[in-house]
Each structure stands twice: as C-alpha cells, then as structure tokens.
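Chains as they are written, first to last, in full-length UniProt numbering: chain A, 1 to 327; chain B, 1 to 327.
Mixed in with the good hints there might be a few duds.
No copy labels: a pair is met if it fits in one copy or bridges any two.
Here are the simulated DSS-like pairs of lysine-lysine, each with C-alpha atoms no more than 30 Å apart in a straight line [stated by the list, open to error]:
no., residue 1, residue 2
1, 117, 284
2, 29, 93
3, 96, 117
4, 284, 93
5, 264, 304
6, 96, 327
7, 327, 264
8, 304, 117
Since the hints were derived computationally from the structure, they do not count as laboratory data.
Number of protein chains: 2
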Amino acid sequence: MHILVLGGAGMAGRKFIERLARDGQLGGKPIAKVTAQDVVAAQAPKGAAFTFEAIVSDLSVPGEAETLIASRPELIVHLAAVVSGEAEADFEKGYKINLDGTRFLFEAIRLTGDGYKPRVVFTSSVAVFGAPFHDKIGDEFFTTPLTSYGTQKAICELLLSDYSRRGFFDGLSIRFPTICVRPGSPNKAASGFFSNIIREPLNGIDAVLPVSDQVRHWHASPRSAVNFLIHAATMDLAVVGPRRALNMPGYSCTVAEQIEALRKVAGDAVVARIKRVPDPVIDKIVEGWPRNFDPQRAIALGFKAESSFDEIIRIHIADELGGTFVK
Amino acid sequence: MHILVLGGAGMAGRKFIERLARDGQLGGKPIAKVTAQDVVAAQAPKGAAFTFEAIVSDLSVPGEAETLIASRPELIVHLAAVVSGEAEADFEKGYKINLDGTRFLFEAIRLTGDGYKPRVVFTSSVAVFGAPFHDKIGDEFFTTPLTSYGTQKAICELLLSDYSRRGFFDGLSIRFPTICVRPGSPNKAASGFFSNIIREPLNGIDAVLPVSDQVRHWHASPRSAVNFLIHAATMDLAVVGPRRALNMPGYSCTVAEQIEALRKVAGDAVVARIKRVPDPVIDKIVEGWPRNFDPQRAIALGFKAESSFDEIIRIHIADELGGTFVK
Numbered sequence: 001m002h003i004l005v006l007g008g009a010g011m012a013g014r015k016f017i018e019r020l021a022r023d024g025q026l027g028g029k030p031i032a033k034v035t036a037q038d039v040v041a042a043q044a045p046k047g048a049a050f051t052f053e054a055i056v057s058d059l060s061v062p063g064e065a066e067t068l069i070a071s072r073p074e075l076i077v078h079l080a081a082v083v084s085g086e087a088e089a090d091f092e093k094g095y096k097i098n099l100d101g102t103r104f105l106f107e108a109i110r111l112t113g114d115g116y117k118p119r120v121v122f123t124s125s126v127a128v129f130g131a132p133f134h135d136k137i138g139d140e141f142f143t144t145p146l147t148s149y150g151t152q153k154a155i156c157e158l159l160l161s162d163y164s165r166r167g168f169f170d171g172l173s174i175r176f177p178t179i180c181v182r183p184g185s186p187n188k189a190a191s192g193f194f195s196n197i198i199r200e201p202l203n204g205i206d207a208v209l210p211v212s213d214q215v216r217h218w219h220a221s222p223r224s225a226v227n228f229l230i231h232a233a234t235m236d237l238a239v240v241g242p243r244r245a246l247n248m249p250g251y252s253c254t255v256a257e258q259i260e261a262l263r264k265v266a267g268d269a270v271v272a273r274i275k276r277v278p279d280p281v282i283d284k285i286v287e288g289w290p291r292n293f294d295p296q297r298a299i300a301l302g303f304k305a306e307s308s309f310d311e312i313i314r315i316h317i318a319d320e321l322g323g324t325f326v327k
Numbered sequence: 001m002h003i004l005v006l007g008g009a010g011m012a013g014r015k016f017i018e019r020l021a022r023d024g025q026l027g028g029k030p031i032a033k034v035t036a037q038d039v040v041a042a043q044a045p046k047g048a049a050f051t052f053e054a055i056v057s058d059l060s061v062p063g064e065a066e067t068l069i070a071s072r073p074e075l076i077v078h079l080a081a082v083v084s085g086e087a088e089a090d091f092e093k094g095y096k097i098n099l100d101g102t103r104f105l106f107e108a109i110r111l112t113g114d115g116y117k118p119r120v121v122f123t124s125s126v127a128v129f130g131a132p133f134h135d136k137i138g139d140e141f142f143t144t145p146l147t148s149y150g151t152q153k154a155i156c157e158l159l160l161s162d163y164s165r166r167g168f169f170d171g172l173s174i175r176f177p178t179i180c181v182r183p184g185s186p187n188k189a190a191s192g193f194f195s196n197i198i199r200e201p202l203n204g205i206d207a208v209l210p211v212s213d214q215v216r217h218w219h220a221s222p223r224s225a226v227n228f229l230i231h232a233a234t235m236d237l238a239v240v241g242p243r244r245a246l247n248m249p250g251y252s253c254t255v256a257e258q259i260e261a262l263r264k265v266a267g268d269a270v271v272a273r274i275k276r277v278p279d280p281v282i283d284k285i286v287e288g289w290p291r292n293f294d295p296q297r298a299i300a301l302g303f304k305a306e307s308s309f310d311e312i313i314r315i316h317i318a319d320e321l322g323g324t325f326v327k
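The following block holds chain A by itself, in its conformation from the complex:
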C-alpha cells in the first residue's frame, strides 16, 4: 500500500513514519511506499523496506493537493497544521493553512471522479473545546473553541464527517491530547511548556514554567499518538457511524503532579531546573483549555493511552534519551 503523510516532517509525522519503517506493514498489508509532504523536507526513516519520498510543498496553494493524490495513496494521514499560538498571532495564515489547505485536500479527493476513496486520518485537537467545562468532558460535549486554531480544527472535523457521509472518502478525526513529552526544540504551540518543563531539565537545561502549577491538563505520549494514528488507519470505520470525530484517551494531571512525577523518576536536582516565570498571555490561552475527559467511545473502539505521568516521562527517557538523563 501507498501512504501519504501530510505534515510528515513534524514530530508526529516523523515518529509515525519511523514506526511504519519498523513494522513494514500496516493492518497486515505490506507497505510499498510512503510519501511525506511538508513545508520542509522530511528525513527518510532508517531501515525502511518501502520506497520513501519527501515532497516539499504548501497544501494551501491551489493545485498542490491534486498533485499529492495523483498516485492515489490508499491512506492519507493529515497532520499538517499551523500550531495554536501561530494561528492566533496570524489570523490569515491559520485559516489558509489549517482550513483552506484541508478543504483543498478533501475537494481534490472528491473531484477525482474515478472511484478513489482513501482512508483519511485527520489529527484534530482538544482545542476544539473551550471553557467553562464540567469536571470531565464527555463524548457528546459541544465544541466552542476559544482560539482560531481550535475553530479551524472543529470546522475540518465537520467537513471530514460530511465528506465521509457522502462517500467521497472514509475519514476519521482524532482529537489528540497535548502530546507530552514532545522531543526536540520548543515550537510555537502555546502548550509547549507542558513538555519543556520535563524535557529541558532531563537534558540539564533550565525550563520556564509560565503558568500556575495548579493548571490541569490532558496528556498522552508521542508513542500513544503514533498508536492512535495506526489504530485510526486500520480499524473498521463502519462501526464508528457518522460521528467521525473522537476524543482520544489520555492522562489528566496538574502541572504540580507533572513536577512530582519528574521528581520521582529523575530526582530533586532535575526538578530544580524548572523556573517559574508567569506569562499572562500563555496563562489566558491555557485557561480556556480542557483539563480532563471521559473518552468512553474511543476506549470502546480500542484506542489506548498512558495511565500515569510517570509512565509518560519514562517513555520519553526510553524513546528519546536512550534510557538516561542529566542528573
């Protein structure tokens, strides 16, 4: 099979493609080719038996989507997005990339006219929700985003459900928790500090905590994110029915609990590298974000995540740091 990964140079895309390279197959079907599209060139995964192609293009430019699906990939994993902070800072860019780009893709598929009906996995976000919330957000809670990013994700979910219902493709939107611990350098996501305060101290570097440690949030590891994508790409979607946007499972905890988990796993010296520097802009954005979920539907459909923040930190140390860290 041929798999197209949009946003393939990003963290989730890279890890998903590395996993495909390790597995060699997806849902029992051998993988012949993976195409990774992004605005920068994606790196080829090590040891892949499949053909790998990196395409540098901008999905929000008319005509690019048609080119990307010209070879009719059976699976399209759409991870490409301007992150929340950037979409809030640059209104036009956010709508262009996150909404128009996605719509161009969906339209390109619809207009092939040759019976092409790929599986489309779209990564949405818990940013489709906006405060105030109940203690736990249930599967039927309404989407009232408080950011343009969340608005764009919610709109794309609606489009995906309608295009799936009309039979143009077979899609699923999966609402990622905040992915933690994100490897690599900080990006422009307002949620970055949730990872920074774990990743940087484990590397011997100070990290800034811009919010109160009583902020509660919803996390899953990069490893879980890849598992979500694999499951969404291979599961039977007929049982999902027409409601094609799912809250993924995750783990809810406060920043204080994150810090205590770090202390337990890595010790006081590592925790001492977290510096408190309140940032009212970040604080205001995060205030509107969801804190906890009751994702019964996704769990019943076979999606799985971590059950403690210790586990999330240990996965980071195992997958990113070769099992060790700076004490």
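Since the structure of chain A is already known, use the hints to place chain B on it.
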C-alpha cells in the same frame, strides 16, 4: 440606522422587513434605511418611513460582499441560504452559497480596516444536530449534522464565534426551529411538509404527508422567527460571552398532534385534506432530525416562542389568512 438583510426576499426576510416598517425603529433607534439583498428582487414593505433598497446579487460571487457593506450598515441580518433538500442534492451549490458566501461576508467585514464592527445576526438551524438524540437536546449537546446543509450551518456558527471573539464584528447565531406554518408555496426544504399539511388544507387544497404521524419535531411560528431576529439584533451580546450559537425556543409535537390541533382549530373536513403518501427519501432525512430541546440559555436571554401547536395554527390564520380559512 441602516440595516442590511441578506436573503431579504425569503419568507423570514420579508416578514422581518415588514415588521421593521411597522415599528419604524429597532431597539429605540430610528431606522433610516433597509437594504434587502437576495438572488431575486425583494418587494418594498408597505408604509415604511425608511428608505428601502432591493439589491439582486449572489453573495457567493467574490466582491459582492464588499459592495454590500460599502455603506457600512450597523446591522446585518444574514438569512441567505440554499435549503436543506437542495444542499443535499447539489453538494457544490450548498457549499458555495451556504459556506463560501458567509465566509466572504465575514472576511469583507474583517478587511474593512476602518473600525467597522456591525452586529451580525446569522440564522442557523437545528439541522446542526444529528441523531441519535436524548429526549431533549440541551444547550451543550454536540453538533453532528447528518446533512451537508447542517454541516454548512455548523461551520458558519464556528466562524461567527471566532470572528466575534477576535473583535471583527459582534455576532450571534440563532438556531431556528422548523418555521411553521410557512406561508406561500412549498419550497425545496425537506421539512416543507410540516407546514404543507396545515397551510394547504386551510386553503381548501389537499396536502401530502410523506412520513409517519409519529414523527416528532420542533416548531416555531414565523411571528416568533421575526421576534428572534429582533431580539438578537437588539439584545446585549456581552452577556452571551464567546459561545455565540443559541438553540431558539420552540414547541415540540408529533405530526399526529399537529393534525389534532388542526382538527381542533379548523375541523374534520380540513383535516381530511391531508393525504398520506410515504416518501422514503424524506423519511430518511427527517429521521436524523432533532425532536425536542431544552433551550434554557435562550429562554434566560429573553427569547420566546409558542407553547402549543393550536397557537401556531391560530397565528397562521391571523397573520396570513385574514382570520379565516376554507372550511
């Protein structure tokens, strides 16, 4: 003040403009001008003290929105839409008119760059919801439309909330119940029969009932629809906060209860003009529609509707038939 009504030649637009002509003011402000835009020419209301202008244009053509707001109307009431049956039959037309047209309007307002910040009232629909439902749909229930029309309305609601949050205009989306009894000829809305089975028999004409009389639905009169628009145009929106889509109040009843109300108000001979001709296409569409609501927020914010179907029929006889009907 200057009021722009998009879709001003339609039923709700016409009735809203007639009401403005009778009142002469809106929220205590004298009305200087009403512009009614539509794809056909809107009729001037009788006895209006304000200047009336009818513009024939297509909002989904780039540039038209800019022209329509060139004179900076303080209030824009956006009623223009391709109805549900048509948006389902013609996928491209539905998205072009119902989504792109609305987005062009919102973008035109955003891009004025001169501090223009009108009130925007957008008529959405209970079609943003899709079955299965609980007994009554609450204010926090999620939008999972089962039609392209409902998808387009839900997307426009999200855009309106985001543009309002960002301060580009001050908007409110109001989700109309099915408006019953619709005057005039049947339109392409799949919900048309709810009105046809009342209106046609009262005119001495047979009407087709295409669904089971156990179908339950959510109604409000055209008079209430106008009241919703007036209230949405004049109320304090600061108290609404960022969740700018509201379920309007209405009256829930089965088709059997509609028929019994007709019998009570108009007699057996009128009811005998209803002919049962099942239509599986209509049946399938209606199956996914909401039946009942608990619109606490809208009621608390001062929106009002009917409390019986008798009342809905009597309003129709009073407002449309001069107080009489064909026995």
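Each hint tested on the structure:
With identical chains, the CA atoms of residue 117 and residue 284 are at most 30 Å apart between copies only, with a shortest distance of 24 Å across copies and 42 Å within one. Taking the shortest Cα distances, residue 29 and residue 93 never come within 30 Å of each other, neither inside one copy (37 Å) nor across copies (39 Å). In the homo-oligomer, the alpha carbons of residue 96 and residue 117 lie at most 30 Å apart both inside one protomer (25 Å) and across protomers (23 Å), since each shortest distance falls under that limit. In the homo-oligomer, the alpha carbons of residue 284 and residue 93 lie at most 30 Å apart inside one protomer (22 Å), although the nearest pairing across protomers, at 40 Å, exceeds that limit.
Within a single copy, residue 264 and residue 304 get their C-alpha atoms as close as 24 Å, which meets the 30 Å cut-off; across copies the closest is 58 Å, which misses it. Taking CA atoms no more than 30 Å apart as the test, residue 96 paired with residue 327 passes in neither setting, with 44 Å inside one copy and 59 Å between copies. In this homomeric assembly, residue 327 and residue 264 come within 30 Å of each other (Cα to Cα) only inside a single copy, at 12 Å, whereas the closest approach across copies is 83 Å. For the identical chains of this complex, residue 304 and residue 117 are intra-copy neighbours only, at 27 Å inside a copy versus 46 Å across copies, given an alpha-carbon limit of 30 Å.
The structure fails hints 2, 6 (numbered hints given earlier, in ascending order).
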